[in-house]
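Student: Sequence:
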Amino acid sequence: MALALIASAGTHSNEYLARHLAELGFPRPVMVASGGEARRRLDGRDFAVVVVNSPLPDEFGHELALHAVELTHAGVILLAKAGTAEQVADTLQGQGVLVLSKPFTALQFRQAVQMAASCYHRMDGLRAENDRLADKIAQLRLVDRAKCFLIEHRGMTEAAAHRMIEKQAMDSRRSRGEIAQKILEQAQEED
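Numbering (my numbering), first residue to last: 969 to 1159.
Treat each hint with caution, since some may be false.
The list that follows gives simulated cross-link-like pairs (lysine to aspartate or glutamate, EDC-like), each with its CA atoms no further than 20 Å apart [said to hold, decoys possible]:
(1) Lys1150 - Glu1126
(2) Lys1070 - Glu1054
(3) Lys1104 - Glu1120
(4) Lys1150 - Asp1112
Calculated directly from the structure, the hints in this document are not laboratory data.
Just so it is clear, the structure is predicted and the values come from calculations on it, not from any experiment.
The whole structure should be built from the sequences, with the hints applied where relevant.
Tutor: Now the structure itself:
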């Protein structure tokens, strides 16, 4: 289940924001009353949406919004009075914070939350793809190191080393990375 964080000092606004978040699939948003407490909560959890209702008692809120963007993959929304929202919107939106000026309608807030959640889901997919590619690159590097070992210490050609790793992987139904790791471990034992 996706989590939401609300950083807001107003009791009435907290109820309003929590009710709308619950309707959008965030039934129990974490509510905090200060920027410091929000930062502590952000460190340990993966939030899909972070809503900062400015001003907060210990800071305005734009610093917290930027911190949330840097630290998490959450969609971040800053709620600010109209004049202030216009002043900070360009800077914050360039950093990935959605700025919504107060007063706003329920529909506007719901759309902002939906956009923020969509951004989170897109980032989550990109993060998974990035992890998969990083793993693949690490595996290719491992295979290259094993090939270099076979070329330097076993006198094989690059093609022969490649063929040997491929054949062992197919015969044992293991990945080329696992075979390469095994070759490198055997090389260390021989040293």
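Student: Hint check: Lys1150 vs Asp1112, CA-CA at most 20 Å. Holds or violated?
Tutor: holds, 13 Å
Student: Quickly compare the C-alpha distance for Lys1070 and Glu1054 to 20 Å and report which way the hint goes.
Tutor: holds, 11 Å
Student: Mind checking the alpha carbons of Lys1150 and Glu1126 for me, to see if they're no more than 20 Å apart?
Tutor: holds, 18 Å
Student: Given the hinted pair Lys1104 and Glu1120, is their alpha-carbon gap at most 20 Å?
Tutor: Between Lys1104 and Glu1120 the Cα gap is close to 24 Å, so the pair fails against 20 Å, i.e. violated.
Going through the hint list in order, the structure does not satisfy hint 3, though it satisfies all others.
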